Each structure stands twice: as C-alpha cells, then as structure tokens.
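Residues per chain, in single letters:
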Amino acid sequence: MLPDDIEQIDTTVRATLRDVLGLSQTQVNAFRSETPLFGALPELDSMAVAGLLTELEERLGILIEDDEVDGEMLETFGALVRFAATKLIV
Amino acid sequence: MLRFGPDTGPVVIAALPLFEEANRTRTFVVTILRALAARGIASILPDLPGTGESLLPTESAAMLDLERAYARVAASAAQANRHVYGLTVRSGTLLDGLAVLRGRWHLSPQDGKSLLRELTRVKQAEVGPTRSLPDYWFLGGDTAATRPVEIAGNRISAELLAILKLRTPFADPAIARRVVRMTTDPNPADRKFDSAPLWRRSEPDNNIPLSEHLADDIAEWIAACER
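As given, the protein sequences belong to chains A and B, one line each in that order. Sequence positions in the first sequence follow the numbering used here and run 1 to 90. Sequence positions in the second sequence follow the numbering used here and run 91 to 317.
These are computed hints drawn from the structure, not numbers from a lab. Keep in mind the model is a prediction, meaning the values are calculated, not measured. We put the beta carbon where it would ideally sit given N, CA and C, even for glycine. There may be inaccurate statements among the hints.
Simulated crosslink set (SDA-like; lysine to any residue; CA at most 25 Å straight-line) [to be verified]:
(1) B:K203 - A:M73
(2) B:K213 - A:S46
(3) B:K203 - B:N171
(4) B:K203 - A:P36
(5) B:K255 - A:M47
(6) B:K213 - A:T76
(7) B:K203 - B:L256
(8) B:K213 - A:F38
(9) B:K213 - A:E75
(10) B:K213 - B:A242
(11) B:K213 - B:R192
(12) B:K255 - B:G187
(13) B:K282 - B:R158
(14) B:K282 - B:N297
(15) B:K203 - B:R257
(16) B:K282 - A:E7
(17) B:K213 - B:L188
(18) B:K213 - A:V69
(19) B:K203 - A:D70
(20) B:K255 - B:A279
(21) A:K87 - A:D67
(22) B:K282 - A:S24
(23) B:K213 - A:L44
(24) B:K203 - A:E7
(25) B:K282 - B:D307
(26) B:K203 - B:G130
(27) B:K203 - A:L88
(28) B:K203 - A:E65
(29) B:K213 - A:E34
(30) B:K213 - B:D201
(31) B:K203 - B:R291
(32) B:K213 - A:E65
(33) B:K282 - A:D10
(34) B:K282 - B:A314
(35) B:K213 - A:D66
(36) A:K87 - A:G71
Example chain B residues on the side facing chain A (calculated, C-beta under 10 Å, incomplete) [said to hold, decoys possible]:
(37) L188
(38) R211
(39) A242
(40) N244
Starting from the given sequences, assemble the full structure and let the hints guide the process.
Here's what the structure looks like:
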C-alpha cells in the first residue's frame, strides 16, 4: 500500500535513506527537518542519489522527472520529504 | 556456470539482475541456491553472454543474446528430463521470456523503463549536471548513436539500452508465476518479506536469514507446482 499522509511519507523517506545509504535506524531516527543531506552525508554521493530517487519512486509510486532533480530537493531531510509529498499530492 | 544440488528432480535456472545490481546480489543469490540444494532442489547459475565468467565483452551482449542463452540452459536441463523452473531477480526477470519453463519465481521484478531511468540518472551523475547527456550516449545523440556506453564501470551496448524501455517481466496467466517482494515495495506480490533490498547497497552484502526464508518459499512453490 502506498503512503498517503505526511507521517507515512516521512517514515518512507527515512527508511529509504537507511536502506540505500546503509545507515542505521538510530541515525535516520535522528534526522530533523533541517538535517542537511547532500554534501553532508558522505554516503550520499551523486551515484547514490540515482539509486535513492529510483527507490523512492518504487516505494512511493511516483515518477520523478530529471528536470525536477536539483540541489534544493536534496539539501535537507525536510526538503526531500516535502518534495515527495508534493509529488504524491499532485 | 555454477551448479548446485542433486542430479535428479526439478532444477532451477537463476538469472541475476543486469549490470551493477548483479555484483550486489550475486553472493545473496548463490546463498539462496545453496539453501535450495539443502532442500533437495538443484539449480544452475549460468554465465550469460557478457556476464560473470563469460569471455564476451560486456558491450557485445544484446538483449536477445542474453534471453537465448538463458533459454538454451533451460532447454538443456529439460532434455535431461528435468522439470525446469526460473528463479530471476530484479531486471533478471526480463531475461526468462524465451525459455520454456514450468514456472517462474520472480524476486522484486523491475521493468526495463525503471532500469533505464536509473541508468540515465547514473550516467548524468557521471558526466555532471552541466554537460548534455545526449553527447555521451544514444538518447537523442547523433555521433554516439551506436557506440557502447560506459555506465558505472559497465560498458553497455546502445541496442540493449534502447530496447530496455520496451521490456517487462514475462507474465502469462496460463503459466505459473510467483512474485515475491520486500515489504518496502508497494507493488503487488504473492508474498512479501520484511527486509531491506540488498540490490540498493553500494557494496555487495548478504542476508542469510532472508535467503533461508526465500529458499523455503521457492521449495514450497515448486512442490505445489509438481503436484
């Protein structure tokens, strides 16, 4: 079943970061909205971004166009959750 | 080519995902095949053209070559009067369509469109955001139209990339097919297992408890098909 509220989306994005980047549950539980991602997490290099986006597409049932991918959506955890929520609502 | 299990009874022909995910899942799939052997089920993991120990350069492998090679292994096993089943993983599920199989067990099947989208992203990441992707591979490019493309260390033929978006895992209601996914995947499945997807990890990993659960599932499914 696809996540349909912001709490479920938050949980899904957290779990996807955990699984794709090999982070611990404790690490991702500590993420706050303002926690920086791209450029701050050494595991999140440009190659990992490709896997992260594809996995988010699968888990959330969304399609992310290449021109939607920019530094802003990956800047913080909150920005990534907001991006995912926007895709689901649209 | 790796072979496991007894010389009689049903035999499973395995196919790993294409490209990078093959490296990430090979140990895990071999662990599943060993677990199947412990349950009395034989298996073969062929080196399809351009993969594993194959001498063919990776960029020389066309989709049809991979499908035909897989089908030949299945036919060879069938000629020895074995009942043959498919066990394919992720984009490996795109390779069993030409084989005559009594059933297909698909782990987290991925269609070609999704794989191509991911490869496109990886290639864009490699060339950098300021460079135009069509200059580097077949998509919309002129000079690069027929050249192989290197993506994350894998040289891939333009033909294989071009055909990916048309391919979906084999599914025919008249032929047994069991789809198994991780609980994180919302797509429909016959059964889901609570585990992280190993194919997403940048380093190859293994999950022995999961391999045991999956081997149980495969063995029960084959037993049901054999009845």
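So which of those numbered hints doesn't the model satisfy? 3, 4, 11, 13, 17, 24, 26, 29, 37 and 40
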